Amino acid sequence: MAERKMVDVFSDIDRDTALKANPSGYAITELAAEDERIVTLTADLSNVLAEFRAAFPERYIELGIAETNSVSLAAGMAACGFVPYIYSMAPFGVLKCAEQLRTDADYNHLPVRLVGRLSGLAMGYFGTSHYAVEDIAIARMMANTTVVAPADSNSVLSLMRSTADLPGPVYIRIAEATDPVYDEVPEFSYGQWPRLREGTDVTLAGHGMGVGLAVQAARVLHDQHGVSADVYDAAYLKPYDEAAIVASASRTGKVLTIEDHIEIGGLGSIVAETVARHKLAVDLKQAALPDKDLEVGVPAELYEFYGLTVAGVVARALELVRGKGEN
Amino acid sequence: MAERKMVDVFSDIDRDTALKANPSGYAITELAAEDERIVTLTADLSNVLAEFRAAFPERYIELGIAETNSVSLAAGMAACGFVPYIYSMAPFGVLKCAEQLRTDADYNHLPVRLVGRLSGLAMGYFGTSHYAVEDIAIARMMANTTVVAPADSNSVLSLMRSTADLPGPVYIRIAEATDPVYDEVPEFSYGQWPRLREGTDVTLAGHGMGVGLAVQAARVLHDQHGVSADVYDAAYLKPYDEAAIVASASRTGKVLTIEDHIEIGGLGSIVAETVARHKLAVDLKQAALPDKDLEVGVPAELYEFYGLTVAGVVARALELVRGKGEN
Amino acid sequence: MSLRVSSDCDGAGLADWSVPTGKSCAGKHRLVRAGKQHERASAHGDDSHQANGGATAGTPPATLERGRPVTDAELLRRADWIRLQTVELIAQAGLGHYSSTFSSAEIFATLYYHTLRLRPGEPDWPDRDRFLLGKGHVATGLWPVLADLGYYPKEWLKQFGKVGSPVNDHPNMKLAPGIDFSSGSLGHNLSVGTGMALAARLSGRDYRTFVLTGDGELQEGQVWEAAMAAGHYNLGNLVAIVDANGFSGSGPTSQAMTIEPLPERFSAFGWAVREVDGHDVAALRRTFDALPDSASGQPVCVIARTRKGHGVDMMEKQPQAWHLGLLTPDQQADVVAEISARMELAAGSPQ
Amino acid sequence: MSLRVSSDCDGAGLADWSVPTGKSCAGKHRLVRAGKQHERASAHGDDSHQANGGATAGTPPATLERGRPVTDAELLRRADWIRLQTVELIAQAGLGHYSSTFSSAEIFATLYYHTLRLRPGEPDWPDRDRFLLGKGHVATGLWPVLADLGYYPKEWLKQFGKVGSPVNDHPNMKLAPGIDFSSGSLGHNLSVGTGMALAARLSGRDYRTFVLTGDGELQEGQVWEAAMAAGHYNLGNLVAIVDANGFSGSGPTSQAMTIEPLPERFSAFGWAVREVDGHDVAALRRTFDALPDSASGQPVCVIARTRKGHGVDMMEKQPQAWHLGLLTPDQQADVVAEISARMELAAGSPQ
Ligand SMILES: Cc1ncc(C[n+]2csc(CCOP(=O)(O)OP(=O)(O)O)c2C)c(N)n1
Ligand SMILES: Cc1ncc(C[n+]2csc(CCOP(=O)(O)OP(=O)(O)O)c2C)c(N)n1
Ligand SMILES: [Mg+2]
Ligand SMILES: [Mg+2]
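Chains as they are written, first to last, in the working numbering: chain A, -4 to 322; chain B, -4 to 322; chain C, 742 to 1092; chain D, 742 to 1092.
Calculated directly from the structure, the hints in this document are not laboratory data.
Derived PhoX-like pairs (lysine-lysine); straight-line CA-CA distance at most 20 Å:
1. C:Lys915 with A:Lys287
2. C:Lys915 with C:Lys903
3. C:Lys899 with C:Lys915
4. C:Lys915 with C:Lys895
5. A:Lys274 with B:Lys274
6. D:Lys915 with B:Lys287
7. D:Lys903 with D:Lys915
8. D:Lys915 with D:Lys895
9. D:Lys899 with D:Lys915
Which residues of chain C face chain B? A few of them, derived with a C-beta cut under 7 Å, are:
10. Arg771
11. Leu772
12. Phe922
13. Ser926
14. Thr935
15. Gly936
16. Met937
17. Ala940
18. Gln963
19. Glu966
Computed footprint of chain D on chain C; a stretch qualifies when at least three of its residues, placed anywhere within it, have a C-beta under 8 Å from a C-beta of chain D:
20. 968 to 978
21. 992 to 1004
Please read all numbers here as calculations on a predicted model, not as lab measurements. Note that beta-carbon positions come from the ideal geometry of N, C-alpha and C, so glycine has one too.
From just these sequences and the hints, can you work out the full model?
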C-alpha cells in the first residue's frame, strides 16, 4: 500500500527526491542561464524553485498567496521586457486567474508563462478544491496562448525549452509522478503530436500522464490481444495536431483519448470536434474524469477509481475494437 | 447611423427604456414576491435592480466592485437558506469568478444564481476586457450548474421562473437588445430545446441573440431560396438537448450553430461533440466569434463584422446547403 | 430586519438549511426565522449527510450553550489530545499538515469545548453558531473534535484519507455533519462567513459566525474584499480569528509577503481588533466571552499570536519543514512521547 | 541590481520592450539596461503600432523631462480642454463616461504637461515614466492629450468608437502608442504597475510608474494584493494616484461599499500617503515634484480628493447619472458654453 499513499512532490523534507521529481524547476534554471530576461514568480511555492533561487536569487520574486496579483504583475514585467515564469498549483494558477490570464497576458500577446504544477488529480488527497481538471478547457479559450501538457520529465525539458522564445503566453501543465515515456529529451515541432507507435486497429491519444498509459496499454494490447494501436503524444493542446487526428482516425476508425481532465473541453473535445468537422464517422471513447462530483483520495486510488490506469485504458480500447459499450 | 451607436442598457438616464430592456430585473422582482428566500447582490450594478430595490430594499445587497467576494458571500447565504441572485456584467461575473463559482457554489450544490448581464459582445464599445465570449465554455465545466441563454425578454421571464427552484447553481446568460422571438412567455422543459420551425434541408440552432437570427434567417431561406430550415432554441446549454441535435442532424445532415460566443467551447462544440459521439456524418458550420483577437466597436457593427446578422446566417446556411466553403 | 412573509407554504416547514424543493409547495417559499424550530435534523442538501451521530428519534437534541464551564487545564489537555489525534490521522493517510494544525489546537479546543453554541445531534440547527475553517488544511484537528462531540461516529476517522471517506484533508460540507462550509482554496471563507453573518441579520437570528484564517491566507485579496464588506455592513455577529503563526507554506510571512501591521490593517477596514496569545486558553476564553453583542456595529478580528508547530519542539524550530510532511515511525514515537508527557503532567497538576 | 549578462546577441540590440525573437540570436537573450539606447522607436510586439506620430528618421526623438515649467493657468486650461475634447469624442461615439473623466482632468493635465518623463517620438523608450490608467473607462481624457503630444496624428481621434480604431473607450496597448498597458477590468493595473516597478529595479532603470485608480476600483481585492506586494518590496518608484471622487458607477462609495479611511488603509499596507485636492493643479504639481527618490523605501499613494463631474455644474450635482451617458445636443451646447466661458476667463486673467 506504500504507493497508495500521497507522494510528497513539493515539500522540503526530501530535497533530492523533490528535485528529481521537479523537471520544470530544473529546466527553468537552465533556461535562465541563457536568457536573462527570465524571472520566476510564485504564490508561496518557492520550494519548487530551490535550484533557481540559489542560482539567481534576485530573479526570483515571491508574491505570497495572491495568485491573481502574480498574473497581472507578471504581465507588467513582460511589458517591460522580462519573460516571467509563474509557478503555481494548477487549480489556483488557471481557474482562479482565468480573467487575469485572458485580459492581461493573452489579449496583450505578452510572453507570460504559467507553469501549473500538480495538475489534474495530482492533489487528490487535498480535496476537490485542489483539482485542476478544467484548466485545459479554460486555457484553450485564449486565442494567443500556447497550451502544452508534457508526458514525463524529458518532455518537460523539451517543451519548456522549445516554448521559451514564443512571443505569446504559454501554459505548461505539469503532471506529477508520471512514468518515463521518453528515454532522452524528445524534439517537438510546434503544434505537432509525436507518433509513438504505428498501428491500424485503434488510435490512442493522451497528454500528460495519459501518454504513459497509452504507450503501456498499446504494448499490452499488442502482446496479449493482438490489437495494433496507433499512439500519439498529444502534448500540444493549443495549437493541436489536426492533421494527426484526421490521418489516424481515418486509418483506424476508432479513437480513445486519455487525460487527467474532465471529459468536457479537453483532448476528448478537441478530437470529437475535429472528427465532426471532418465528417469522419469514427467510434470515440474517452478515458477521462466524468462530469459529476469527483471523489477524494490519493491520486493512485483516484486513477484506479476512474480507470486512468493501464488496465483501464486497455479495457476501453478493447471495447472500442470489439464494438462494445458504445454510447 | 443611430442604431450603430451604443445602446445604453443600464444607466439611469432613461429609466423607462432601461426597465423595458431589463427583463431579468423585472423577473426577479416578481419571483421575490413569491419566495422570500430570494436576495439580490450586485457589484456596483444596482441600476439593473431599481424595481427590486424599491420593492425589497432590505433584500438587496450592494457589494461594491468586488466580484469574487460576491460569489463566495452568496454561497454563504445559500448555505443558510437564502437563494441569492448575483447580477453582474457577464465578463466579470463568470471569467473573473470561475474558481469561486466552481469551488463554493457548484461543488457544494448551492442554489446560487448568476445573472450575467451584457454577455457576448454586448459591451463591444467598451473593449475586449468587457467581452464575455468564453463564459459558456467555463460554466459548462461545472457539473452541478445549469446554464441557460434566453433568446428574448419573454424567454428571460420563462427561464428565470422555471429555474428558480433548482437545487443547484444556475447561470443565466442575458443577451441585450435582442429582437423578440416569442410573442408570449414560452414554456421550457428542463434541458430541452424548443423546435421553432420544422424543416428538412438544414438545422439552425442558436442561443441568446442567435435564436432571433435563426428564426429570421429561416424565413428568408424559405421565402427567397426555397430552403427549409429546422430551427431550435438552444436555450439550455447545460444540460443540453442531445436528442434534438441527433434527431435534427440525422434529418437534415447539415447543422449551423449561431452564437455570440467564441467558436470553442460553446454551442458549436456541444453540437460537434454530440455529432461525433453519435457517428453522424454531418456538415457543420458555425456563426460565432473566431479564435483570435477580437475587434472593438459598438455591438451592431461587430455583429455585422462577424456575420452574426440575418444576412450572415443566411449566407452560411446556403453554403452548407450548397456544399460550398466547407472546412 | 423586517422580512415580509409573502405567503405560507403547506405542510413542510422549510428550514433555513433546506434546499429549494420547488413543486412541493407550489413555488411559494418562506424563510423560517428565529424562534421557529424545524422538524427534522437533516443535511444540507437532497443527498443527506451519511450519518447523523447524536440525534435520537423522539428526544429533542441537546444544545451546547455558549460559555460552557471548563478548566484551563482541560482545554490545554484537549488541545494536546487534538495534536495526538492529528499525528495518528496523518500517519494513517501518509501526508499531512502538522505544524499548521498544532498552531490552531488551543483555538479549536476553546471554541468547541467552551465558546460555540452547538447542537451536535442536529448539525444543521439554524441557530447554531457557525464555524468556518478558512485554513482548511488543518481539518485533521477538527475531525476528532466533531466525532468526540457526537456529530458522527468515531469509526469515521478510520476512513480518513481513503476514497469515499466523508472526512478528508480538507473539510467538505456535503460529506461531514458539523462542517458549515467546505474549504481548501485559501481566501474564500471570510467571504462565505460574511454571507452567513448577513444571512443571520436578514433572518433575525442571533447566531455568530466565526472564521479561522491563516495569516498567509490574508495575502489573498478576496479576504480584504470580505473584510471591507463586513466592516461596511457593521457585522457585529462576525468574528475572524487569525492564526498568526508567522509562517505560510514555504517560509516566514515577513519574508515572503508581509501582512503586518495586522491590527492596523483590520482596524482600517472597519474591524474591532483584539490581540491575544493563541496558545493561552484563558486569554482565548476571556476574549471570546467578552465578544460584543452581535448587534454591535463592528465585526471583531481576534489576532491569535501563535507558534506554528506549537507543542512539539522540533516542529516549532522548523515550522515550514512540517507544514506538509510525514513523521518517520521513530520521529512519531518521540513526538507522541513529548505531547503525552505534557498531558500527564497537566493531569496531575492542580487547576 | 546585478543582473548577469549571460551572453551577447549578434546584431539587434534587444530592447526592453522587444518581444522574444528566438531564432534571431540563437536563443541567447539579454536585457538592455539603463544607459543603452535602442535603435528604433517601435511597438510592443511583432505587429507594430499602426502609426508612430512624432518620430522623424535621422533626428533622435526629443525627451520631455520631468518637472517641465508650466503655469497653473495653463494646466487648468488644459484640463478644461480635455473636458471639451471628451464631450466631442463621446458625442461622436454615442455613449461615454463624462463625470469620471472630468474628475481626472487636472490629474491628466499635470502628469502629461508637467510631471512625466516622456518621449512621444519613441513611445517605447525604455526609460520613460510609465502611466497606467487603472480606471480605463476615462481613456477619452487621454486620447486628445497623446495626440497633442505627438504620439499619433490628431486624425486618429476621428476614428474613435469605430471598428478598427486604435483609440477606443478603454485603452489598448497593442493598438495605441503611448499606452503602457491595456485596461478595462478594474483592479488589475496596480498589479501591473507593481510588476513594472519591480522590472525597473531589476533592470537598473530609474523610471517611475504611475497608476491612476478609481476609488470604487479600490473595492477590488486584487488592488490590495498589489498594495501589499508594493509595500513589501519597498517600491519607492511606484506611485498610485487615487481619483477619490466619492462615487463608483451607481452611487456614492460611502453607501455602496466604503473605502475609507483611505490614508489609514494605504499606510497600514506600507505606503507613504499624500492627500491633495485633485483639482488644485498647484497642489498636484507640488506633490509630484516632491515625490521621494525612486530608491526610497516606500511606494507613494497620492489620494486626490476630487469631485466626480468637476467643471460642469449639472454633472457635479448628479455624478452617477453622468457616469455613463450621452448629452442631448442642447445639453451639450450648455456644457460646452460653461467650460469655454471658464477657459476664456482664465486666458484673460493674470497668472
Ligand atoms: C488559493 C490557494 N492558494 C494556495 C494554496 C496552497 N496552500 C495550502 S496551505 C498554504 C499556506 C497557508 O499559510 P497560512 O495561511 O499562514 O496557514 P498556516 O498553515 O500557517 O496555518 C498554501 C499556500 C491553497 N490551499 N489555496
Ligand atoms: C472588474 C470590473 N468590474 C466592473 C466594471 C464596470 N465598471 C466600469 S466603471 C465602474 C465604476 C468605477 O468607479 P470608480 O473606480 O470610482 O471610478 P470613477 O468612474 O468614479 O472614476 C464600474 C463598476 C469594470 N470595468 N471592471
Ligand atoms: Mg501561517
Ligand atoms: Mg469614483
